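Chains as they are written, first to last, in our numbering: chain A, 1 to 285; chain B, 1 to 280.
If you are wondering where the hints come from, they were derived from the structure by calculation, not from laboratory data. Given the structure is predicted, the values throughout are model-derived calculations rather than measurements. Virtual Cβ for every residue (Gly too), placed ideally from N, Cα, C. It cannot be assumed that every hint is accurate.
[What the hints assert, rightly or not] Some but not every residue of chain A turned toward chain B, in silico, with C-beta under 7 Å: (1) Gly134; (2) Pro152; (3) Phe153; (4) Thr154; (5) Gly235; (6) Arg278; (7) Arg280.
[To be verified] Every beta carbon over 12 Å from chain B, so not counted as near; a handful from chain A, in silico: (8) Val46; (9) Trp58; (10) Arg108; (11) Thr240.
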Amino acid sequence: MTTGTPRPPGNAPVVRAPRTRAPRTRSGRIPWVLVVPAVVGVLFLVLPFAGMLVRAPWPTMGARITEPDVLRALWLSLSTATAATVVSLVFGIPLAWMLARTGFPGRRFVRALVTVPLVIPPVVGGVALLMVLGRNGLVGRYLDAWFGLTLPFTPAAVVIAQVFVAMPFLVISVEGALRGADRRYEEAAATLGADRVTIFTRVTLPMVLPGIGAGAVLCWARALGEFGATITFAGNFPGTTQTMPLAVYMAMQRDPEAAVVLSLVLLLVSLVVLATLRERWVNAA
Amino acid sequence: MRDTAPRAGRGRGPVTVFAAAALAVGLAACGAGDTSSDGDTAAPGGALSGGLTVFAAASLTDAFTEIAEDFQERYPGVEVTFNFAGSSELAQQINSGAPADVFAAADTATMEQVVEGEGLDADWAAEHGGSGRVFATNTLRIAVPSDNPAGIENLEDLAGDDVRTAFCAEEVPCGSATATALEASGLDITPVTYEEDVRAVLTKVELGEVDAGLVYASDVVAAEGRVEGLEFPEAEDAVNDYPIGALPGPAGPGLAAAWIEAVTSAEGAAVLGEAGFGAP
Chain A
1 MTTGTPRPPG NAPVVRAPRT RAPRTRSGRI PWVLVVPAVV GVLFLVLPFA GMLVRAPWPT
61 MGARITEPDV LRALWLSLST ATAATVVSLV FGIPLAWMLA RTGFPGRRFV RALVTVPLVI
121 PPVVGGVALL MVLGRNGLVG RYLDAWFGLT LPFTPAAVVI AQVFVAMPFL VISVEGALRG
181 ADRRYEEAAA TLGADRVTIF TRVTLPMVLP GIGAGAVLCW ARALGEFGAT ITFAGNFPGT
241 TQTMPLAVYM AMQRDPEAAV VLSLVLLLVS LVVLATLRER WVNAA
Chain B
1 MRDTAPRAGR GRGPVTVFAA AALAVGLAAC GAGDTSSDGD TAAPGGALSG GLTVFAAASL
61 TDAFTEIAED FQERYPGVEV TFNFAGSSEL AQQINSGAPA DVFAAADTAT MEQVVEGEGL
121 DADWAAEHGG SGRVFATNTL RIAVPSDNPA GIENLEDLAG DDVRTAFCAE EVPCGSATAT
181 ALEASGLDIT PVTYEEDVRA VLTKVELGEV DAGLVYASDV VAAEGRVEGL EFPEAEDAVN
241 DYPIGALPGP AGPGLAAAWI EAVTSAEGAA VLGEAGFGAP
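Kindly generate the complete structure, drawing on both the sequences and the hints.
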């Protein structure tokens, strides 16, 4: 349950002035002790993907991926994951700032709570969401009674489930970036008369932008792959709540080949998006 | 890829239940092709021993766990290990080489996948039939929350505009049974969700998120009063047969056959009956 200080990639060199390539040429020898485990690690991550490529029914691929159900699920996945990332940014960045920059009582406890969604099985998270936001839930019953609003089985429920499981990734990344950032810049701004909100928006945020970017990517990717909490809290109905992971799971029950096709589509789209974003950030930095 | 929901179950005793599909598949490498291992048949007099791995539909969790307790009392040297999950998922694991000795499916179509894939134990199949042996049946019920807020009485009531229902997805056995029953009724009912298995439908009903769902009679029993089960005539058109079959697994045919005998015995049938299953 406890967390140390997570150090996601990209937080440390945030303010290290002119950012150039690492001095890789200092030693001519390749450190095998690092290369070998790195190669094993990459193979381990990539092999299952290769297995899918081998098993994929290539001749019928074109027809399968343009089926309306597939496109609807893909669109739903991309739009809900993006919405979930935006919501996570809106609530997650201030939360990360609170955790990194203030000393409110119980901060350690709150930080541990933030990681709870990472630990519990997503299906359990989905049941918990039902118990709070469902039609008979602690909060949900009032939403229903006062506003006639019921969340389960709607696209909004998909977004909520995704925020629940994905926001911690963003919070942890941004908090790590904030802790790694040099506070003297903020102090300098304060001595020049800037108030805390100005310092946050004009000094702190730009400094930790790469950390926010990394966190947002992690958050988006996790939201895109979300299955357990979604199917439990939002249900599974084509076009409304059936995201790609749910479609993959359903296809797996009947036709494993179709499941492979859907997984490849999801993988391809997410790789393209992530590669494009990464390119942007690397170039921007 | 799949998160395993906690399954209902009580009094597991010495029975080890593992739902870790990945583990089962991972073990395949050690188990496959090793038919002469410790769990083979033993001397006459019924002194069986060794480990027995049973892959069974999730709906059988409670009944099989209870049968296993008696079974292990009778054969103290035997340890029964279960893998309870959706039938389709289990069939896929078996066909991918998971080391299973017995497969009990929630419908004949799923058993057929295994018969055509990995195949049943040849000797057992020669004696008991190539498509497994039907040992129980399960009938659909309309499950409603215990206070039945929408006042559901029959299948027709589910077609109402304000009624929220949850069905199993057609890809899983309870979903195809649901489709058959609906077809028999001629009703056009659109649920708010197609759930991935029958227990997920039950959860939605229990929490009151839907007004009704179609589940099996055995699930209503397993819910222990948290939902009410209503019989409906159209269910008779969609009775699920539960077949069981011995696989060429590591335990050997003797032990697998003994387990199947226990399930199909009068005592086994009584346990299944108590759990809400019908006789074949």
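Would you assess whether A/Thr240, listed as outside the interface, keeps its beta-carbon beyond 12 Å of every beta-carbon in chain B? violated, 8 Å
Identify whether the interface hint at A/Gly235 stands, where standing means a beta carbon of chain B within less than 7 Å of its own. Since chain B brings a Cβ to about 3 Å from A/Gly235, closer than 7 Å, the hint holds.
Over 12 Å from every CB of chain B: does A/Val46 meet that, or does the non-interface label fail? At about 17 Å from chain B, A/Val46 clears the 12 Å cut-off, so the statement holds.
Interface hint for A/Thr154, Cβ within 7 Å of any Cβ on chain B: Where the cut-off is 7 Å and the nearest Cβ of chain B is about 9 Å from A/Thr154, the hint is violated.
Checking the smallest CB distance to chain B, is A/Arg108 really beyond 12 Å? It holds; A/Arg108 is separated from chain B by about 29 Å at its closest Cβ, greater than 12 Å.
Is it the case that A/Trp58 keeps its Cβ farther than 12 Å from each residue Cβ in chain B? holds, 21 Å
If you take the shortest Cβ to Cβ gap from A/Arg278 to chain B, is it below 7 Å? Given a least distance of 25 Å, the restraint on A/Arg278 is violated.
Using Cβ atoms only, decide whether A/Pro152 comes closer than 7 Å to chain B, and label the hint accordingly. OK, holds: A/Pro152 within 7 Å of chain B, min 5 Å.
Return the status of the interface hint for A/Phe153: holds when the least beta-carbon distance to chain B is below 7 Å, violated otherwise. holds, 4 Å
Restraint satisfaction for A/Gly134 [CB to CB of chain B, less than 7 Å]: holds, 5 Å
Does A/Arg280 pass the interface hint, meaning its C-beta sits closer than 7 Å to a C-beta of chain B? violated, 30 Å
Violated hints for the displayed structure, listed by number in ascending order: 4, 6, 7 and 11.
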